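S.K.: Given these sequences and hints, build the entire structure.
Listed in order, the protein sequences are those of chains A and Z.
Each residue of the first sequence is one higher than the one before, counting from 1 in my numbering.
Each residue of the second sequence is one higher than the one before, counting from 208 in my numbering.
Careful: at least some of the hints might be erroneous.
[Said to hold, decoys possible] Lysine-lysine pairs mimicking DSBU-like chemistry, simulated, CA-CA at most 35 Å apart:
hint, chain 1, residue 1, chain 2, residue 2
1, Z, LYS271, Z, LYS302
2, Z, LYS305, Z, LYS250
3, A, LYS90, Z, LYS290
4, A, LYS98, Z, LYS345
5, A, LYS90, Z, LYS271
6, Z, LYS250, A, LYS90
7, Z, LYS305, A, LYS90
8, Z, LYS271, A, LYS98
9, Z, LYS376, Z, LYS284
10, Z, LYS376, Z, LYS271
11, Z, LYS302, A, LYS90
12, A, LYS125, Z, LYS290
13, Z, LYS323, A, LYS98
14, Z, LYS323, A, LYS90
15, Z, LYS391, A, LYS90
16, Z, LYS295, A, LYS98
17, Z, LYS323, Z, LYS379
18, Z, LYS302, A, LYS98
19, A, LYS200, A, LYS11
20, A, LYS98, Z, LYS382
21, Z, LYS382, Z, LYS345
22, A, LYS98, Z, LYS379
23, A, LYS98, Z, LYS305
24, A, LYS11, Z, LYS250
25, Z, LYS391, Z, LYS305
26, Z, LYS391, Z, LYS295
27, Z, LYS295, A, LYS90
28, Z, LYS239, A, LYS98
29, A, LYS98, Z, LYS416
30, A, LYS90, Z, LYS345
Quick caveat, the hints were computed from the structure, so don't treat them as lab data.
As the structure is a computational prediction, the values presented were derived from the model and not from experiment.
Residue-level listing of the chains:
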Amino acid sequence: MAQTNNSELLKNPLNLQNPITVQVLGICSALAVTVKLEPAIVMAISVTVVTALANLIISLIRNTIPSRIRIIVQLMVVASLVILVDQVLKAFMYELDKALSVYIGLIITNCIVMGRLEAFALGNKPLPALLDGIGNGLGYGVILVLVALVRELFGTGQLFGCQVIPDWCYEHGYANCGFMLNPPMALILIGVVIWIQRAKFAELQEK
Amino acid sequence: MNTQSNVYTVVYSAIMVVVVAAALTLVSVGLKDRQVANEENEKRGNILKAAGIESTDVAADFDKYVIGGYALDAEGKVTSEDKAVAFKADKAVFKINKDGDNLFVVPLSGNGLWDKIWGFAALKSDFNTISGVVFDHKGETPGLGAEMTNPTWQAQFVGKVMSENGEFKGVKIYKSNAATLDPKHGVDAITGSTMTSNGVEAMVNNSIKFYEAFKNTLGQTPAIEEAPIKESPVADSTNVNE
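M.R.: Right, dumping it as structure tokens:
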């Protein structure tokens, strides 16, 4: 990994190294917050901020961390960043913070964050670590937004809470798919994304 | 330096804790005002919502519709008639003027199955008939007890009569068919949430009963007001559902 150049650090997690579809990390929150587009975007930004800053901070202090307590140190950095994000959301986006409820707090346990700290930030310089954090956060966010887009559009006929599917569709027998709003549909949609991605990129297929 | 030694590890964690604690304290103190303002606006919004007023500019509408506030002490005596003082008080009555009608909104608080539940109830000018409620909860089971926030369920409380002939009866939770069995007091429980439903019943009754003394100071007796109340639930139910 040390050889990869900076732009690849940003781009790889969006596709070939995607944390959700390839590494299958961070699934639980992806299922929970993708009913609507707006909370999904806020969640994506929150996770990106946390992974980026956590990666940067851990990489900056990586040579000073006593290896016996490194997981504790990592957890502490992540936990404080998450509390910070939560506080900022409570102050500036109160309604959305309520909608996301426990899931902001649960970023602490998001495997993507700890995974990137252990696998990348501990062994790399600050700039690549920061880019890797941003990349992975965005990779997570892309899938979140994609799934939320499909779920909100077909589940409620709305996007960002505004009606997009016109009335005449309903008059001609179209109906919103209530199943889209249930968590199993998020799992199925992520499965479909994984399927399409592997069908397109042969190197992802396992023998 | 030996980063593996015990002393280094202990000192390292100590410094880390202090730095992190300081950073979080700073953020918490710095954002406190905004967060409190948000919570207060949510409270204002809920008071208006209980009275059936859907608001986009909560602060302005609160000033416009709420024409009076009374803060009460633990014995139910009015300690202040200042709206701002009432807003901060645990026990308070808000007088609302909605399209010429006077409504009284009182805060509710009680216990659900897992944690606290709370809300607001709007009473008509007789201080005896519910014109709307808003409930919220901290930790009721999603899909079961948490359905107490469902507007359709809350709409059942509209038109329920608290006191009859001077006797406080409040609302009563029924397994089903409350509307036919006991149209004046009965409310259907939430399926699968007996404990939360009972908690809501106790919350509504205990909280509103507390204001009986306040009601008497208004100089209205329930017996006089009773006759017109019977008709009003039907007429008013549309307002609250919007």
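S.K.: If a hint holds in the structure, say so; if it doesn't, say that too.
M.R.: Each hint, compared with the structure:
With a CA separation close to 11 Å, the supplied pair LYS271 (chain Z) and LYS302 (chain Z) stays within the 35 Å bound. As the CA atoms of LYS305 (chain Z) and LYS250 (chain Z) are separated by approximately 18 Å, the hinted pair is consistent with the 35 Å bound. For the hint pairing LYS90 (chain A) with LYS290 (chain Z), the CA-to-CA distance comes to about 26 Å; that is within 35 Å, so the pair holds. A C-alpha spacing of about 11 Å is found between LYS98 (chain A) and LYS345 (chain Z), which places the hinted pair at or below 35 Å, so the restraint holds.
With a CA separation close to 27 Å, the supplied pair LYS90 (chain A) and LYS271 (chain Z) stays within the 35 Å bound. Distance check on the hinted pair: LYS250 (chain Z) and LYS90 (chain A) sit about 15 Å apart at the alpha-carbon level, within 35 Å; holds. As the CA atoms of LYS305 (chain Z) and LYS90 (chain A) are separated by approximately 31 Å, the hinted pair is consistent with the 35 Å bound. A distance of roughly 27 Å separates the Cα atoms of LYS271 (chain Z) and LYS98 (chain A); the hinted pair therefore holds under the 35 Å criterion.
Straight-line distance between C-alpha atoms of LYS376 (chain Z) and LYS284 (chain Z) comes to about 22 Å, which keeps the hinted pair within the 35 Å bound. Between LYS376 (chain Z) and LYS271 (chain Z) the alpha-carbon distance is near 33 Å, which keeps this suggested pair within the 35 Å criterion. For the hint linking LYS302 (chain Z) to LYS90 (chain A), the alpha-carbon distance of about 30 Å falls within 35 Å, and the restraint holds. Under the criterion of a C-alpha separation no larger than 35 Å, the hint pairing LYS125 (chain A) with LYS290 (chain Z) is inconsistent with the structure, at around 58 Å.
The hinted pair formed by LYS323 (chain Z) and LYS98 (chain A) meets the criterion: a straight-line CA distance of about 17 Å does not exceed 35 Å. A C-alpha spacing of about 21 Å is found between LYS323 (chain Z) and LYS90 (chain A), which places the hinted pair at or below 35 Å, so the restraint holds. Between LYS391 (chain Z) and LYS90 (chain A), the direct Cα distance comes to roughly 41 Å. Violation of the 35 Å bound is thereby established for this hinted pair. Under the criterion of a C-alpha separation no larger than 35 Å, the hint pairing LYS295 (chain Z) with LYS98 (chain A) is consistent with the structure, at around 22 Å.
Proposed proximity of LYS323 (chain Z) and LYS379 (chain Z) is supported: the alpha carbons are some 20 Å apart, at most 35 Å. The suggested pairing of LYS302 (chain Z) with LYS98 (chain A) holds, with an alpha-carbon distance near 28 Å, which does not exceed 35 Å. Taking the CA atoms of LYS200 (chain A) and LYS11 (chain A), the gap is near 17 Å; set against the 35 Å cutoff, the hint holds. At roughly 32 Å between alpha-carbon atoms, LYS98 (chain A) and LYS382 (chain Z) fall within 35 Å of each other, so this suggested pair holds.
Distance hint between LYS382 (chain Z) and LYS345 (chain Z) is fulfilled; the C-alpha atoms sit about 24 Å from each other, no more than 35 Å. Note on LYS98 (chain A) and LYS379 (chain Z): the hinted pairing holds, with a Cα-Cα distance of about 31 Å set against a maximum of 35 Å. A hinted pair counts as satisfied when its Cα atoms are at most 35 Å apart, and LYS98 (chain A) with LYS305 (chain Z) qualifies at roughly 29 Å. At roughly 45 Å between alpha-carbon atoms, LYS11 (chain A) and LYS250 (chain Z) are farther apart than 35 Å, so this suggested pair is violated.
Between LYS391 (chain Z) and LYS305 (chain Z), the direct Cα distance comes to roughly 24 Å. Compliance with the 35 Å bound is thereby established for this hinted pair. Restraint check: the Cα-Cα separation between LYS391 (chain Z) and LYS295 (chain Z) comes to about 33 Å, which is no more than 35 Å; the hinted pair holds. Under the criterion of a C-alpha separation no larger than 35 Å, the hint pairing LYS295 (chain Z) with LYS90 (chain A) is consistent with the structure, at around 20 Å. Simply put, LYS239 (chain Z) and LYS98 (chain A) have alpha-carbon atoms about 17 Å apart, close enough for the 35 Å limit, and the pair holds.
Our distance criterion of 35 Å between C-alpha atoms is met by LYS98 (chain A) and LYS416 (chain Z), whose separation comes to about 31 Å. With a C-alpha separation of about 16 Å, the suggested pairing of LYS90 (chain A) with LYS345 (chain Z) holds against the 35 Å cut-off.
Checked against the numbered hints listed earlier, the structure breaks hints 12, 15, 24; every other hint is satisfied.
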